[in-house]
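Participant: Chain residues, written in single-letter form:
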Amino acid sequence: MAVLIDDRTRILVQGITGREAATFTKDMMDYGSKVVAGVTPGKQGQTVHGIPVFDTVKEAVEKQKANAAVVSVPPAFAKDAVMEAADCGLSPIACLTERIPKRDVIEMVAYADLKGVKIIGPNSPGVISPAKRSKLGFLGGNNPERAFRPGHIGVISRSGGMCTEVANLVSNAGMGISTAIGMGGDSVVGSTYLDLFPLFEQDPETHAMVLFCEPGGTKEDVLAEWIPGHFTKPVVAFFGGKFVDNMPGMRFGHASVIVRPGSGATRDKTRLFQQAGVKVVEVYSDIPKALKELLREKEKAAGRKIAVPRKKAAPAKRAVKKIGKNRKSKKGGKKQ
Amino acid sequence: MRLYEYEGKILAQKVGIPIPAGKMVDSPEAAREVARDLKGEVVIKAQILLGGRGKAGGVKFARDPEEAERLTREMLAGKIRDRKVEKVLVEKKLEIIEEMYLGITIDEIKKRMILLAGRTGGVEVEAIAQKPGAGFARFHVDPFIGVPGFRAKELAKHLGAADKGLGALSNIVSRLYGLTQKFDASVAEINPLVKTKNGSYLAADCRVEIDDDALFRQKELESFGIFPREERGREPTELERKGAEIDRVDHRGVAGRVVEFEGDTGLIIGGGGASLTVFDAILKYGGKPANYCEIGGNPTVKKVQLLTELILSKPGVKRLAVITNVLSNTRVDLVARGVIKGMLNRGIDPKKFPVVFRVPGAWEDEGFKILNKYGIKYFERAHTMDEAAKYVVEMGKS
Amino acid sequence: MGLFVTVKLNPERCQDGCQACLDVCPVNIFKLEGGKVKVVAENEDECTFCELCLERCKNKSVEIIKNY
Chain A
1 MAVLIDDRTR
11 ILVQGITGRE
21 AATFTKDMMD
31 YGSKVVAGVT
41 PGKQGQTVHG
51 IPVFDTVKEA
61 VEKQKANAAV
71 VSVPPAFAKD
81 AVMEAADCGL
91 SPIACLTERI
101 PKRDVIEMVA
111 YADLKGVKII
121 GPNSPGVISP
131 AKRSKLGFLG
141 GNNPERAFRP
151 GHIGVISRSG
161 GMCTEVANLV
171 SNAGMGISTA
181 IGMGGDSVVG
191 STYLDLFPLF
201 EQDPETHAMV
211 LFCEPGGTKE
221 DVLAEWIPGH
231 FTKPVVAFFG
241 GKFVDNMPGM
251 RFGHASVIVR
261 PGSGATRDKT
271 RLFQQAGVKV
281 VEVYSDIPKA
291 LKELLREKEK
301 AAGRKIAVPR
311 KKAAPAKRAV
321 KKIGKNRKSK
331 KGGKKQ
Chain B
337 MRLYEYEGKI
347 LAQKVGIPIP
357 AGKMVDSPEA
367 AREVARDLKG
377 EVVIKAQILL
387 GGRGKAGGVK
397 FARDPEEAER
407 LTREMLAGKI
417 RDRKVEKVLV
427 EKKLEIIEEM
437 YLGITIDEIK
447 KRMILLAGRT
457 GGVEVEAIAQ
467 KPGAGFARFH
477 VDPFIGVPGF
487 RAKELAKHLG
497 AADKGLGALS
507 NIVSRLYGLT
517 QKFDASVAEI
527 NPLVKTKNGS
537 YLAADCRVEI
547 DDDALFRQKE
557 LESFGIFPRE
567 ERGREPTELE
577 RKGAEIDRVD
587 HRGVAGRVVE
597 FEGDTGLIIG
607 GGGASLTVFD
617 AILKYGGKPA
627 NYCEIGGNPT
637 VKKVQLLTEL
647 ILSKPGVKRL
657 AVITNVLSNT
667 RVDLVARGVI
677 KGMLNRGIDP
687 KKFPVVFRVP
697 GAWEDEGFKI
707 LNKYGIKYFE
717 RAHTMDEAAK
727 YVVEMGKS
Chain C
735 MGLFVTVKLN
745 PERCQDGCQA
755 CLDVCPVNIF
765 KLEGGKVKVV
775 AENEDECTFC
785 ELCLERCKNK
795 SVEIIKNY
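Chains as they are written, first to last, in this note's numbering: chain A, 1 to 336; chain B, 337 to 734; chain C, 735 to 802.
It cannot be assumed that every hint is accurate.
Pairs of lysine-lysine residues, derived as PhoX-like cross-links and limited to a Cα-Cα distance of at most 20 Å, are as follows [to be verified]:
hint, chain 1, residue 1, chain 2, residue 2
1, A, 289, B, 726
2, B, 705, B, 687
3, C, 800, B, 705
4, A, 115, B, 446
5, C, 800, B, 709
6, B, 688, B, 713
7, C, 742, C, 770
Here's a subset of chain B near chain C, in silico, CB distances under 7 Å, partners left out [to be verified]:
hint, residue
8, 372
9, 637
10, 677
11, 705
Stretch-level coverage of chain B by chain A, calculated; a stretch enters the list once three of its residues show a Cβ under 8 Å from a Cβ in chain A [what the hints assert, rightly or not]:
hint, segment
12, 398-409
13, 477-483
14, 524-537
15, 574-582
Everything labelled a hint here was simulated from the structure, so no lab data went into it. Every residue, glycine too, gets a C-beta built ideally from N, C-alpha and C.
Kindly produce the complete structure, drawing on both the sequences and the hints.
Facilitator: Structure representation (structure tokens):
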């Protein structure tokens, strides 16, 4: 079990012939994920890394039985691509495209709701379930096993880069990841914490959650309101960008990081989280320690063991394939 | 992109929302002429991108064209809320009998646009709206249906419209939503929406934010004199301007988005959540960031080099932190090349200057080889960004 | 010569000026000058070791040297 994706996930890549997609498609395949089809209008009959390309999602689903999608197309075409995947019932649809107009995002999300499918993103790095070697998108790059060891910690991150970073930290501490989700850094995303938390609550493989949060917006606020009475597992959260609290109106990396006076500040969100029983750590390196503490407390209360690592595990095995390593040596005429 | 009031009113007028008679001007003489044409009392409104200008002296009434000229001169010479005023809006003074609120924005939880209609408008509207029983109606818009006529009518009714006013106000409700759709506005607010003595409804103020990500398809705005612009809480500094130039050197990858601070620690960081985290960590361990910046998307060596030179050119920078999250596609070796070239070009010896790398990711083994050769301390992915931040801050102290 | 990477064109081997390297190089390390292909010194450090020039040069006249 995992959340959203597992070894039954058959992946369709929309925009598969693009530069980015060509790379992450290969990475997904090398990892062991089942990429079964690609879609780029006008390019039916081609193949990318041996994966057949179709003009329409409909054909790709009929022929290749895809059941989930990764969307990596230019912003102006993203809404239609996501709606096309939703229309065919693919779920989840991980939308990696950045800078999609909000009006389009609102429409595609409404359409997905209508069709009963889930969108992750936009502006998401994807989703990964390490135990099943299933990933949508580019989380972890070409060696996801280094940062994402299989385990029992669920991760949701508003930042793409920090999703891998946090997982890496958890993995280094001898724990592992059940499913990690890059929620997307935009103000409007298909799935917010509220849409994803119930899945993790249901998932027996997930024993605790880690959140990487940022200032701005109200997504954390409503989660804090929801957790008591609905979510029974330990939650550790970290806020990046506490300094933004002191500079209203400044805009940083993600569009949603704008502090408007009286709302969105991390100190307010931290207080709300604490009231809801979420452990908020001051520095992100403390995440593993906090996780272990909470899991032990829970174990004690339950009077049984819930797989808490006591010792630091051996470092993750290096991936066999290593781009850039000694590539030069096979060619003549070069010094190392 | 937040629009000035006069720009918002241009859009309001385009969709058929009534606005007061008036004109934007940028000189006292022009203000006098507009006041003369408008006849009678006028209001002079400073055009700044901040709220609360009324209390700060940014809205003044003039009885005649001469007074309009004098007040405009004063406003253009001074600052309102620490912003230089470059334009004012001269409008006919309205005879207001009611002030209401009408706004549309995005509800990020419901993932829809939300229409807000309040019986009380004005500067304190945020506080008022929070109170139960404050007479605020909320309506989430289904994007495929829009705002049906009957819903607009209900909201107009809620705002107290009756008789001929009902149709007029319903239209304003529908058209404000239309404005958001036509111009990709993520916020459109009429505050106050006023009813005048003669029973007509007007947008006395208008605040619009255009979705930056939709500007590519909003070329029409340029024909109204509304051009894409960068927004900050203040004017960009010299360093920030140069940072933007560096990012434009090449379209490959990002190396720029510099924000300058008073500090001693130069940062070359990866953008997004990781940058926020590094920034916090430098502060926590006693360093003062001299800048914020973003690198990502595998920038060219040249861009990283120029960015490094720029950051090191800032007086008072006594250490350099090159810290990112675990990267997927940005190449560590290319970043290392750029940073080292930048340092050498500034005549800085990487072996002596306090500099730390924590850039794990693609081609990191090559990157580490380069860093080793130049005697630069680096952390591998097993060490956190916090550790690297702490290390570099302490390095610069000794 | 770049600080990190040096790209050399063997003038004896590169005779026909086929420009294959110039066509494929994503970071513009090669340029045409007086009908001959030359290395753009200021771009050498942009080399990503993609090796497309090595693959395409039928005369094996391109040499890439790492300086670290």
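Participant: Would you pick out the hints that fail for this structure and give their numbers low to high?
Facilitator: 8, 12, 14 and 15
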